[in-house]
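Peer 1: Go ahead and model the full structure; you've got the sequences and the hints to work with.
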Amino acid sequence: MDFINAIILLLNYIFIPALTYGSQLALGAIFVTLIYGILRFANFATGDMMSFGTMATILFTWYFQSLGVSLGVLPTALLAIPFGIIFMILYMLLIDKFVFKYYRHQKSPPVQFAMVSIGVMFVTQAVVRIIIGPADRRFFDGEKFIIKAREFKEMTGLNEGLALKSTQVITIFVTIVLVSLLFWFLNRTKTGKSMKAYSDNEDLALLSGIDPKKIVLVTWIIAGILATIGGALYGLDKSFKPFTYFNNMLPIFAAAIVGGIGNPFGAFLGGYVIAFSEILLTYAYKKFFMYILPESMEPNSLVQLLSTDYKFAVSFSILVIVLIYRPSGIFKGKVL
Amino acid sequence: MRKNLNVITAYSIMMVLILMVGIFQSWNIALSIFNLCLISALMTMGANIQWGYAGLINFGIMGYTALGGLAAVLISVDPVQEAWRAGGFDILMCLWLIIVMVLVIRFILKNFEKSKLRTYSIAALIITGIIIIRVTAEPGIEKIEAVNPATTGFLGGFGLPIIFSWIVGALFAGGLAFIVGKVALGLRADYLAIATLLISEIVIAIIKHEDWLTRGVKNVIGLKRPAPYEVDLQTTDWFISLVEKFNSGKLSVIDNLADRQAALNQLVIEGSSVFVKLCYSGLFLVVVIILLILTQKALYSPWGRMMRAIRDNEEAANAMGKNVVKQHLLIFILGSAIVGIAGAMLVTQDGLFTPGSYRPMRYTFLIWVMVIVGGSGNNFGAILGGFVVWFLWIEAAPISMFLINFFTAGIPETNAIKAHLIESVPYFRFLLMGLGLLFIMRYRPKGILPEKIEIK
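Line by line, the protein sequences are chains A and B.
Per my numbering, residue 22 is the first one in the first sequence, and the count goes up by one each step.
Per my numbering, residue 106 is the first one in the second sequence, and the count goes up by one each step.
Just so you know, the hints here were simulated from the structure itself, not pulled from any lab data.
It should be emphasised that the depicted structure is a prediction, and the values quoted were computed from it without experimental measurement.
There is no bait here: all hints are sound.
Straight-line C-alpha distance at most 30 Å; calculated DSS-like pairs for lysine-lysine:
#1 Lys307/A - Lys165/A
#2 Lys262/A - Lys523/B
#3 Lys323/B - Lys259/A
#4 Lys332/A - Lys221/B
Peer 2: As structure tokens, then:
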């Protein structure tokens, strides 16, 4: 019995939260990696673009709520996401047309692109804050829990409860569907294959008649979908605050690089690597050991490797270690 | 004279702008803008040395600034004897353990061939080392943080004059840069940017959460000052007579003796804070000028020529027998040290250390905007960039307020959109910075004062 309790404890406090957080990071990381692989620059505006997409989603959610439209037990935001995506893609294409296109034609070095993306970051941050303000916002409605901790305890007779939030299930489900679709698109369709070819060798791809304009357009569209859904899922699960989104850029970068930048599958797994290591290293295992060890060996301290304050620092340290020992990432991406 | 015309014009316009703030808003605001401009200029110089001279991209400015600030705390605060008695031994023990660990790792690295076994044993050593250090430090840290947590709860510093911290801040930042440089300098430019950004976040996380060293988010307030205190000045005779002399014209108009005394008191209170700010300006100006002279000398020396050669063509410089790796590391350390000085100066001026306020937006990306706008590779450009961007950063709110009111003049005050815009005035500075950066990058990619190398 104690053993099952211990397992439930880990599931409740480590596995499910890490899987959810990892999915959110993974979507962002694929976004970073696609931009890096195809447009060839590190996009420092990642976090703020995600917050722009989320902002559009929130505005539509409010609009639907004011109309009285709802999805019943599901959050209204799910209905608003497609509209958010359209706005996000329009914004990205606008920025591409007025900012990035010029440097692409100039064949500027990646550093210059990175600098320009910082300019875009400032502008996007301003736009988001001017439109919706810097405050913390929750836009979740509908049924909050699928299983409540207390109900679970009553149902199974265990000491430990397992709470399953609906946002967690939605996040994991949407991520699986979206990522499967994306990989199907990249590997099976003609456009997807030509994107891969363009990413591998630009000149060869141009020679074989691939239209660069179309590639760029499709990349931004996919990026817009990923950014909005990733941002909205994070906002549904936690809350929406522009500053948090800006900060989330850092673990997202870490995930993309750890997975091997330019490699979408690597980025997908990288998200989970970062999320699991953050939570595994900062969780206090005292209760876990209390269940599995005999009473005489129970630990006195919290059995916590690092305090939770260092959550972010964990992922950054992993990144630094990967950069030193295996700069192309765990799953070989572009060689740096 | 002629070839420096654009430099002189640019600086004169900047000075006139600051003077206008002094005349139209207040001298207090003008001077505080000026002081922060000087500090920003110094940070920009540090980043410019790395980026402009050597083409190294450092997005870790925030980390070095914070380390400089930490130096100011550790140097100037009086030691907390009680805390040292309670947990000093444990902390010293840990320090000793860390030194031993580093020496052992160095020994292994030097004496064994590169192999998987070596890598794994070093990893194991580091992990066990961290666990041992945590176990030894835990009780000490708890005791230290329990010592009067509302006012101290940390070890304190050395109780020296705060000016020394400017040098120590440079050493701290240089030391960190040495480690970061050893680790990350081999990376390609945009990865170096990401790596330095993340390392600086780690530094901030440590400063924020190691309360026994820095008091963390509880902040350290009331640091010593190199300048006199306003309260003391207000009761000093020579200062009062100085203010009287300066404002004799204004005072002589008032006939009533009591009124004149009241007016004088008011002037003395205003004057004292202006005087304190002037003291800081003087100190900062000295530092900026000394560093400007040094960096200019370096830029035109054989060493500066070599750095430019390395920047423009690494392979060729390498083929000529220049040690590119070593020079990169050196310049990375030098630039970061300058940022460390600026960080210490910032804390000195504020008189308080708030780890929570170190955010990448303000201390990394804004500084980079300054570098790009001012003109990379040109020290005068870097300083000008610091001035222009900081000035706009502060004055963006009043400017955008004016513009909003101007364009929505016909709309009544109760209009929802107008009210919303006026409410979000503080965020227009981000818009201004972003647009400024984008326009400069597009139409004047070398900055306001581009790099100009004269062959002498």
